[in-house]
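> This is what each chain is made of:
Number of protein chains: 2
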Amino acid sequence: MIGPKIKELKVTPIAITDPPLLNSVGIHAPYALRTVIELITDDNIHGISEIPGNIEIDRLLDQSRAVILGSDPFQLNKLKADLFERFGKDEQDTRGDNPWDNRKLVHVFSALEVACLDIQGKICNRPVVDLLGGRCRDQVAFAAYLFYKPKGAGGVFGYDVDPNATGWDAARQASAESSEEIVIQAKSMCHKFGFKSIKLKGGVFHPEVEVDTMFQLSDAFGSKVPLRFDPNGVWTVETSIKYGKQMEDILEYLEDPTRGQAGMAAVRKALKIPLATNMCTTSFEDIPSGIALSSEDIILSDHHFWGGLRESINLGKICSTFGKGLSMHSNSHLGISLVAMVHMAAAIPNLTYDLDTHYPWQSEEIIVGGRVKFEDGKVAVPREPGLGISLDYQALERLNQNYKLCGLTTRDDTTEMKKFHPDWSFKPIRW
Amino acid sequence: MIGPKIKELKVTPIAITDPPLLNSVGIHAPYALRTVIELITDDNIHGISEIPGNIEIDRLLDQSRAVILGSDPFQLNKLKADLFERFGKDEQDTRGDNPWDNRKLVHVFSALEVACLDIQGKICNRPVVDLLGGRCRDQVAFAAYLFYKPKGAGGVFGYDVDPNATGWDAARQASAESSEEIVIQAKSMCHKFGFKSIKLKGGVFHPEVEVDTMFQLSDAFGSKVPLRFDPNGVWTVETSIKYGKQMEDILEYLEDPTRGQAGMAAVRKALKIPLATNMCTTSFEDIPSGIALSSEDIILSDHHFWGGLRESINLGKICSTFGKGLSMHSNSHLGISLVAMVHMAAAIPNLTYDLDTHYPWQSEEIIVGGRVKFEDGKVAVPREPGLGISLDYQALERLNQNYKLCGLTTRDDTTEMKKFHPDWSFKPIRW
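Top to bottom, those sequences are chains A and B.
Going by our numbering, the first sequence opens with residue 458, and the numbers climb by one from there.
Going by our numbering, the second sequence opens with residue 458, and the numbers climb by one from there.
Calculated from the structure, these hints are not laboratory results.
Careful, some of the hints might be misleading.
Since the list gives no way to pick out one identical chain from another, each pair is judged satisfied if it fits inside one copy or across any two copies.
As the list claims (entries may be wrong) - DSS-like cross-link-like pairs, simulated, lysine-lysine; straight-line CA separation at most 27 Å:
#  : residue 1 : residue 2
1  : Lys861    : Lys681
2  : Lys653    : Lys535
3  : Lys835    : Lys875
4  : Lys835    : Lys681
5  : Lys535    : Lys830
6  : Lys835    : Lys535
7  : Lys726    : Lys835
8  : Lys467    : Lys608
9  : Lys464    : Lys561
10 : Lys861    : Lys876
11 : Lys884    : Lys561
The following block holds chain A by itself, in its conformation from the complex (with noise of 0.2 Å):
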C-alpha cells in the first residue's frame, strides 16, 4: 500500500478584520488572527486548515515541517506520536494559566490532522463527515452570538465603519452598551442568518445590566428562541446563585459564571439550569474531576482546543457516556475553520445544541465563493470531496499582508482594551 506523501506545508498567518467586541478579558483588536495551514501531497492533493493565530505556535508549525514532510496523510497517530516525541519536552508545552488548553502541540495537531482529512477525502472522493462515520444530519445550525460593543464602536476603536451600512452590516458597526441596543443588534444578526438561538457574551458589565438584557431579550423573541448567557468565568459563586435564580425561568443553559470546577459545581447544586463551560474543563486530563465534582452539565467542544475532529468525536462519546450535553466553541473565524466544524457536528450523534460561531461578525473570506451560506441559522454539510472548500490565494494574500501590516502577533484583548482605557486590568473575579 503506498499512496501519496506529503510534500510540503504551508503557514499563512493572517489578520481578518474585527470588531470591538467586549469580553471579561478586554475587546477585541482590530484585526483578529488566525494561521491557515495548507498541506501538498506528491501528487499535488491540497488540503486546508485554519486555526487561531498566535506567532508561537506559528513557529512550531514550522518546525513541524521535518516531522510531517514525507509522511502519509493518513497516519495521523503516527503523526501525534511524532510530534509530541520530538517537540513535548522543548517546548516545555503548558496549559498555561488561561483558562482554555493552550498546549502549542494540541493546536498545531488539529491544524495538521484537519488538512490531512481534508487530502484523505480528496483521495477516497468522500466529504471529511463520511470519514468521520458519515452524517447524522445534513444541515448544522448555529446560535445568534451577540457582543457588547463601546460607544462609538468602530470610529473610536480604530475600525473602518461603513456609513452607508444598512441592515446586519450597520448593526455590526453600530455600538451595542445598552439592552436595547443589544436587542436591535439580535434582531438583524437573526433576520440575516435566521439563528434560532442566542447567546450573550457578558462579564463586561455590573451583573444587574447582563441580567436586564437577558430579560430584554427574552421579552423580544418569547420562550421559543432558547436563550444562553456567558458571564466569561468573572462572577463569584455567590454572584452566580444570585443571578442564576433570576434567569432560571428564561435560559437555556447558563455558561461559565465562574471560575474553576469547584466552583461551577457549587453553583450547580444551587441552580435548576444546566451549565455549560469552556473554561473549567477545557481538555481531556479536566474530565476525571469535572465528572467526580459534577461541575457542568454541557461541555462546549472547540476541535482547535480540543486535538483535532477525532479527539472532539471522543470528547462526545464521553459526553453521552457520563450523561452530559455537547455544544461547541468559537472564535473569531473564517469559513475553513467553519466548514470544518460543520463536517464534525454533523458525525456526532449527540451535537444537538445550535453551535456557537463569531462567522457573522466577520466579513472578508479567503475561500473560493466567498463568505459560507447560513439558512434558517443553519450551514449545509458539504457533499464535495475533503472539506469540499479551497482557497482563494488571492485573499489569502491580502489578508497576509493584513498581518504583516497590524503589527499584531498574537491576541490580547486586555492590551488592546489598556489603549482606551489605560487604566482597565483584567480581574479574574470581577463582581
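Dock chain B against chain A, hints included.
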C-alpha cells in the same frame, strides 16, 4: 457525491470445531458458533465480518436487510440510528442476565460496521486501520490463552482426536486437569505461536488448585513472561482477596475475580495488583458507576460486544482519559474476527497489553490462504485495502453444513456440561 450502495446482505451461520475448554459456566461444546456477514455493493465490492453465533442475532441480521439495502456504506451513524429506531423497541433489547452486553442490536451493528469498513477500505484503497486514524504499530501482540480441559478430553467429550498429532496439535487435543498439564499446554502453545504473555481461564477448580497452577506457570516461565489469571467471576470478595494476595508477586493482572463492580472495588482496594474486567464493566452504560466506584484498572474491550471498531476506539479514549488500561477479550473465533481485532488494536495508542485470543484453539479457517500466521506471538497489521482478507466460499459452505448438522443454535456451556455431569449447575459465586 454518489457512491456505491449496498445491494446484498448474506448471513451465514457456521459451526467450528472447538475443544472441551472448561470455564465457570460449564464446558465448550464440540462446535463453537459464529456468524459470517457479507455485504455486497452495487458495484460488486464485498465487505465481510464475523460475530459470535446466535440464532436470534442471525434473525435480526436478516431483518436488518430492510434497513441496510440501498444504503451508503459510509453512513454508519445513520445506519445505527435507523437500526435502533426500527428494532430498538420491538426487540425489547436488554442487557440480559449475562455479565456481558447481550443486546442484539449492539452485536448486529458491530457486524455491519466491520463489513462496511471493509468496503470503505476497498473503495479508498486503504487498510481499515488507516480509516481509524492510522497504525500505532505494525504488529499486534497476543497472549497465550490457557484452559483446563477434562480428562479424556476429545474422546469422551465428542470431539475427533487425531492419535498421530504432535506438538501443539497434540496439546490442543489433550486433557489438562492438573497444573503440570497446563504448564505443558503453555509451553506447547508459546513454542508454536511465540506468545510472550500467558493467561489462564480459571473458575473451574478450587482456588488452591488454580493458584498452584499460576505458581507453576511462574516457575516455568520466569518473571519476564507476564501472567494473567481469570477466575471468571465465581469467587467471593473474601476469596478474591485471600488468593489475590498470594499471587501479588506473580500476576500482571487479575481478571474478574468476583462478580459486579462493587465487589471488584472492594477487592481492588485490598490488592496491589491491577484488576481487569470483561464481566463487570462491559458497556458504556457501566462506565460511570465503574469510574465512581474505582472498580477496575483495565477494561478488556471487544468490538463484538462494545458496538464495533469505532466505539471500541472511543472506549480506548475513555480509558486513557480516566487513567485506565485497555486490553482485549476474545471468544472462540476465526480469522475475520482476528483481523478486525488487529486493525482496531493497531489504531489505539493505549492498547499496549498483549490481547486475548482463542484463535490457537481453533483449527479451521474460512479465509483465502487459510489460518492467520503468528510471528513471535504477533499478527502483522494488513497493508491491503479493507480488512485485507477475503472469503474462501468452499470452506464457508463446509462450516455452514457443520452448523446445519450440529443442532446447536446458541452457545450454552452449562447444558453441554450437564451431558457429562447431570448434576452440574452454574453458580454465579462458587467459592
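> Hints broken by the structure, by number, lowest first?
Result: hints 1, 3, 7 and 8 break, sorted rising.
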